Amino acid sequence: MTNINESMDQLTESLQELTAKTCGHACPCEAVAGKVPANELKVSEKVERFVASTRAYSDKTRNVSVGTY
Amino acid sequence: MNFRQAQGKQIQRLDTGIEGNFFNFLFVDQHYASNPVLRRIFSLARKLQHHSLLIEEITEADCALLAAENKTLAVRRPDFQRSEVHRISFLRSPVNQAPTQPDFIGYVIFKRDFFSGQPPRSHVFESVMPPFRQAEHNNFIHCQRLYELNTSLGKFSVSGVLYAQQNDLTSVCAHVGLRTALACLLPDGDITYERMNALAGIDHKTRQVGGSAGLAPADMENILNGLNLPFDKLIHEPSQQLLLPTEYQRDLYGCIESGFPALVGFELDDPAAGATGGPRHVIPVFGHTFNEDTWMPQAQRAYFGGAQSYFPSENWLSTFVVHDDNFGPYLCLPRHFLKKDHFRVMYGLKSCPTTINSLQAEAIAFAFCNAIVNGRPRAGNDWYDRFAVFTRRGWLVLRTLLIKKENYLKHLEEIRAWDGASLEADMVQKFRDYLPPIFWMIEASAPELFNSSRRKFGEVLLPCDKPLSKPLNASMLLATRLPGLVYFRPGQLQIEIRPTQLKGHTPLFSFLSQ
Numbered sequence: 044m045t046n047i048n049e050s051m052d053q054l055t056e057s058l059q060e061l062t063a064k065t066c067g068h069a070c071p072c073e074a075v076a077g078k079v080p081a082n083e084l085k086v087s088e089k090v091e092r093f094v095a096s097t098r099a100y101s102d103k104t105r106n107v108s109v110g111t112y
Numbered sequence: 014m015n016f017r018q019a020q021g022k023q024i025q026r027l028d029t030g031i032e033g034n035f036f037n038f039l040f041v042d043q044h045y046a047s048n049p050v051l052r053r054i055f056s057l058a059r060k061l062q063h064h065s066l067l068i069e070e071i072t073e074a075d076c077a078l079l080a081a082e083n084k085t086l087a088v089r090r091p092d093f094q095r096s097e098v099h100r101i102s103f104l105r106s107p108v109n110q111a112p113t114q115p116d117f118i119g120y121v122i123f124k125r126d127f128f129s130g131q132p133p134r135s136h137v138f139e140s141v142m143p144p145f146r147q148a149e150h151n152n153f154i155h156c157q158r159l160y161e162l163n164t165s166l167g168k169f170s171v172s173g174v175l176y177a178q179q180n181d182l183t184s185v186c187a188h189v190g191l192r193t194a195l196a197c198l199l200p201d202g203d204i205t206y207e208r209m210n211a212l213a214g215i216d217h218k219t220r221q222v223g224g225s226a227g228l229a230p231a232d233m234e235n236i237l238n239g240l241n242l243p244f245d246k247l248i249h250e251p252s253q254q255l256l257l258p259t260e261y262q263r264d265l266y267g268c269i270e271s272g273f274p275a276l277v278g279f280e281l282d283d284p285a286a287g288a289t290g291g292p293r294h295v296i297p298v299f300g301h302t303f304n305e306d307t308w309m310p311q312a313q314r315a316y317f318g319g320a321q322s323y324f325p326s327e328n329w330l331s332t333f334v335v336h337d338d339n340f341g342p343y344l345c346l347p348r349h350f351l352k353k354d355h356f357r358v359m360y361g362l363k364s365c366p367t368t369i370n371s372l373q374a375e376a377i378a379f380a381f382c383n384a385i386v387n388g389r390p391r392a393g394n395d396w397y398d399r400f401a402v403f404t405r406r407g408w409l410v411l412r413t414l415l416i417k418k419e420n421y422l423k424h425l426e427e428i429r430a431w432d433g434a435s436l437e438a439d440m441v442q443k444f445r446d447y448l449p450p451i452f453w454m455i456e457a458s459a460p461e462l463f464n465s466s467r468r469k470f471g472e473v474l475l476p477c478d479k480p481l482s483k484p485l486n487a488s489m490l491l492a493t494r495l496p497g498l499v500y501f502r503p504g505q506l507q508i509e510i511r512p513t514q515l516k517g518h519t520p521l522f523s524f525l526s527q
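Protein chains in written order, with the working numbering: chain A, 44 to 112; chain B, 14 to 527.
These are calculated hints, taken from the structure and not from any lab test.
Do not take every clue at face value.
To be verified - Cut-off 25 Å, straight-line C-alpha distance, at most; resulting in silico cross-link-like pairs (SDA-like, lysine to any residue):
hint	chain 1	residue 1	chain 2	residue 2
1	A	LYS78	B	THR367
2	B	LYS352	A	GLY77
3	A	LYS103	B	SER364
4	A	LYS78	B	SER364
5	A	LYS78	B	LYS352
6	B	LYS218	A	ARG105
7	B	LYS443	A	TYR100
8	B	LYS353	A	PHE93
9	A	LYS64	B	LYS353
10	B	LYS60	B	ALA46
11	A	LYS89	B	LYS418
12	B	LYS423	B	GLY517
13	B	LYS479	A	ALA63
14	B	LYS423	B	CYS365
15	A	LYS103	B	PHE356
16	A	LYS89	B	PRO449
17	A	LYS85	B	LYS352
18	B	LYS352	A	THR104
19	B	LYS168	B	ASN15
20	A	LYS64	B	ARG391
21	B	LYS443	A	ARG92
22	A	LYS85	B	LYS84
23	B	LYS246	B	LYS168
24	A	LYS89	A	TYR100
25	B	LYS423	B	ARG405
26	A	LYS78	B	PRO449
27	A	LYS85	B	PRO449
28	B	LYS418	B	GLY202
29	A	LYS85	B	LYS168
30	B	LYS246	B	ALA384
31	B	LYS479	A	THR55
32	B	LYS84	B	LYS60
33	A	LYS78	B	LEU506
Stated by the list, open to error - Stretch by stretch, here's where chain A covers chain B in the computed footprint (C-beta under 8 Å, at least three residues):
hint	segment
34	33 to 43
35	95 to 107
36	257 to 267
37	290 to 298
38	382 to 388
39	413 to 422
40	518 to 527
None of these values were measured; they are calculated from a predicted model.
All C-beta atoms, glycine included, are put in the ideal place defined by N, C-alpha and C.
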């Protein structure tokens, strides 16, 4: 049988890894108040391209009126 | 004066119990010309346990709207003579008992128009029935309105989505579809065909509708623009080499899930159609059903090569709830039945103009989830860390809604984790001080958390009226609430991170709790 579900295997592996490392609420990575530069949140180019292409299609078809209903 | 408020003259009070030998089919055949839509409405009434009918006659003297409709008909068809209108109310109480509000189910206005030398033409002018299936049956209709009726047995009200059938003379499918959609949004809960025709430039002399003449998309847009109602538009016109790059169902769902109605237009199969294509039809869409056990989302990805970065919550949608003026109210349209082969146009109505649509908002929110997880792979609590894993591995479920600030704040005040923890009052106040009146909310969940428990990790909030930045950056973020953490963006340069005691998953937003 082919492993058709690599994505699910990766998820399972990551969750198992997380479970093994869980150190409770007192762990050193616990969230504290702070500030980060806004440019740390970067939007991927793939998302940017998707948004740009769908907007371009909307602009192109904005005044299209074909047929009657 | 409309048909709901008109003083009707009672002509019959009828027992409709099966034990009393009343049969819907026979009654509609004998008295209402076997009208198929009326049969559908009677079948809904049967499911809703009707035990009697109140039939009243409405005349032009009682109803200014009827007088206006008939006046227009006479312009359109000089051979028009008169009309006969019955208002039929469905009641749960037996015929010998005075009905109270809980007994009132709904009503239908049946109009029969008479022309010289021709058989009468009849149609359901309007009807409001409550949907039979409710949220507990996984049916979600967020834009129902309350309609009050003034009957000869007293005043009653019914909540539902207004249905109407075209007469193919002064109204066509686009009119009745628009009427349903507009009724969901306009303050009066209805609009006249006279008003729509005036906005579309139909005077019934120089320009007529009916027969094979309908409304063009530009006419529908003139009506929506004339009423100052913003809308999203999707076009798929293969004959013009205009091929929609996405699936219209995602946009349609985004609109419905935000509590707004939409119109979907499609081309009919017609072997005799020429280069201009086949005839077209449009229907209003205003609700959806949900299948929490659907196989499709995971199977699509595993078996059929769907390389998605996340699961849109639309994957769990089973059918869209529609009216079709040819067939009747509250019909279920399977999610992928109406494919691009036939789909041509969609208008998604909304409460304010937006610079991005739901699909784009969802993609941007996913990008922010990814960016947050890249910057903070762990936060020391189980549910944030699971959020991070589901994000990184492409297993998030995202649900996108256009939401009002007051609805979101109420939601924030109500949500609790399993341990009873709530969001701190000062945090809620910060949202109150900071958020714009309307914005996009993209809820982030995991498959089993979303479909079974109807809960989520948290949500990303994006502005809906801000021009897109180039390149896309954190200026498009309002805030993100996650287990144990809230990200605010109070200024252009910095993002403020605050810990919260709310570290678990919380319920999804629901219009039902508003």
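Hints versus structure:
Restraint check for A/LYS78 and B/THR367: not satisfied, since their Cα atoms lie roughly 29 Å apart, outside the 25 Å limit. Our distance criterion of 25 Å between C-alpha atoms is broken by B/LYS352 and A/GLY77, whose separation comes to about 49 Å. Pair hint A/LYS103 plus B/SER364 holds up; C-alpha atoms about 24 Å apart against a cutoff of 25 Å. For the hint linking A/LYS78 to B/SER364, the alpha-carbon distance of about 34 Å lies beyond 25 Å, and the restraint is violated.
Between A/LYS78 and B/LYS352, the direct Cα distance comes to roughly 47 Å. Violation of the 25 Å bound is thereby established for this hinted pair. A C-alpha spacing of about 30 Å is found between B/LYS218 and A/ARG105, which places the hinted pair above 25 Å, so the restraint is violated. Distance hint between B/LYS443 and A/TYR100 is unfulfilled; the C-alpha atoms sit about 38 Å from each other, more than 25 Å. Of the pairs offered as hints, the one joining B/LYS353 and A/PHE93 holds, with about 20 Å between alpha carbons and a cut-off of 25 Å not exceeded.
This hinted pair does not check out: A/LYS64 and B/LYS353 have alpha carbons roughly 48 Å apart, beyond 25 Å. For the hint pairing B/LYS60 with B/ALA46, the CA-to-CA distance comes to about 22 Å; that is within 25 Å, so the pair holds. Restraint check: the Cα-Cα separation between A/LYS89 and B/LYS418 comes to about 30 Å, which exceeds 25 Å; the hinted pair is violated. Simply put, B/LYS423 and B/GLY517 have alpha-carbon atoms about 19 Å apart, close enough for the 25 Å limit, and the pair holds.
For the proposed pair B/LYS479 and A/ALA63, the alpha carbon gap of about 43 Å is over 25 Å, so the pair is violated. For the hint pairing B/LYS423 with B/CYS365, the CA-to-CA distance comes to about 21 Å; that is within 25 Å, so the pair holds. Simply put, A/LYS103 and B/PHE356 have alpha-carbon atoms about 18 Å apart, close enough for the 25 Å limit, and the pair holds. Under the criterion of a C-alpha separation no larger than 25 Å, the hint pairing A/LYS89 with B/PRO449 is inconsistent with the structure, at around 28 Å.
Between A/LYS85 and B/LYS352, the direct Cα distance comes to roughly 35 Å. Violation of the 25 Å bound is thereby established for this hinted pair. At most 25 Å may separate the alpha-carbon atoms for a hinted pair to count; B/LYS352 and A/THR104 meet this at roughly 19 Å. Taking the CA atoms of B/LYS168 and B/ASN15, the gap is near 14 Å; set against the 25 Å cutoff, the hint holds. Distance hint between A/LYS64 and B/ARG391 is fulfilled; the C-alpha atoms sit about 11 Å from each other, no more than 25 Å.
Restraint check for B/LYS443 and A/ARG92: the C-alpha separation of about 33 Å exceeds 25 Å, so the hint is violated. For the hint pairing A/LYS85 with B/LYS84, the CA-to-CA distance comes to about 62 Å; that exceeds 25 Å, so the pair is violated. This hinted pair does not check out: B/LYS246 and B/LYS168 have alpha carbons roughly 40 Å apart, beyond 25 Å. Between A/LYS89 and A/TYR100 the CA atoms are separated by roughly 17 Å; this keeps the pair inside 25 Å, and the hint holds.
Distance hint between B/LYS423 and B/ARG405 is unfulfilled; the C-alpha atoms sit about 31 Å from each other, more than 25 Å. Pair hint A/LYS78 plus B/PRO449 holds up; C-alpha atoms about 22 Å apart against a cutoff of 25 Å. As the CA atoms of A/LYS85 and B/PRO449 are separated by approximately 23 Å, the hinted pair is consistent with the 25 Å bound. Of the pairs offered as hints, the one joining B/LYS418 and B/GLY202 holds, with about 23 Å between alpha carbons and a cut-off of 25 Å not exceeded.
This hinted pair does not check out: A/LYS85 and B/LYS168 have alpha carbons roughly 59 Å apart, beyond 25 Å. For the given pair, B/LYS246 sits about 31 Å from B/ALA384 by alpha-carbon distance, which is inconsistent with the 25 Å threshold. Simply put, B/LYS479 and A/THR55 have alpha-carbon atoms about 39 Å apart, too far for the 25 Å limit, and the pair is violated. Annotation: proposed proximity of B/LYS84 to B/LYS60 is violated, straight-line Cα distance about 37 Å (limit 25 Å).
Annotation: proposed proximity of A/LYS78 to B/LEU506 holds, straight-line Cα distance about 10 Å (limit 25 Å). Under the rule that three or more residues need a Cβ within less than 8 Å of chain A, the assignment of the segment 33 to 43 of chain B is violated, with 0 such residues. Proximity of the segment 95 to 107 of chain B to chain A, defined as three or more residues with a beta carbon under 8 Å from a beta carbon of that chain, is not established by the 0 residues found. A stretch counts as covered by a chain when three or more of its residues have a beta carbon under 8 Å from one of that chain; for the segment 257 to 267 of chain B and chain A the count is 3, and the coverage holds.
Check result for the segment 290 to 298 of chain B against chain A: holds, 4 residues qualifying (beta carbon to beta carbon below 8 Å, three or more required). Only residues whose C-beta sits within less than 8 Å of a C-beta in chain A count toward coverage, and the segment 382 to 388 of chain B has 4 of them, enough to reach three; the restraint holds. Counting residues of the segment 413 to 422 of chain B whose CB lies closer than 8 Å to any CB of chain A gives 0, which falls below the minimum of 3, so the coverage claim is violated. By the rule of at least three residues with a Cβ nearer than 8 Å to a Cβ of chain A, the coverage given for the segment 518 to 527 of chain B is violated, with 0 such residues.
The structure is inconsistent with the numbered hints 1, 2, 4, 5, 6, 7, 9, 11, 13, 16, 17, 21, 22, 23, 25, 29, 30, 31, 32, 34, 35, 39 and 40, although it conforms to all the rest.
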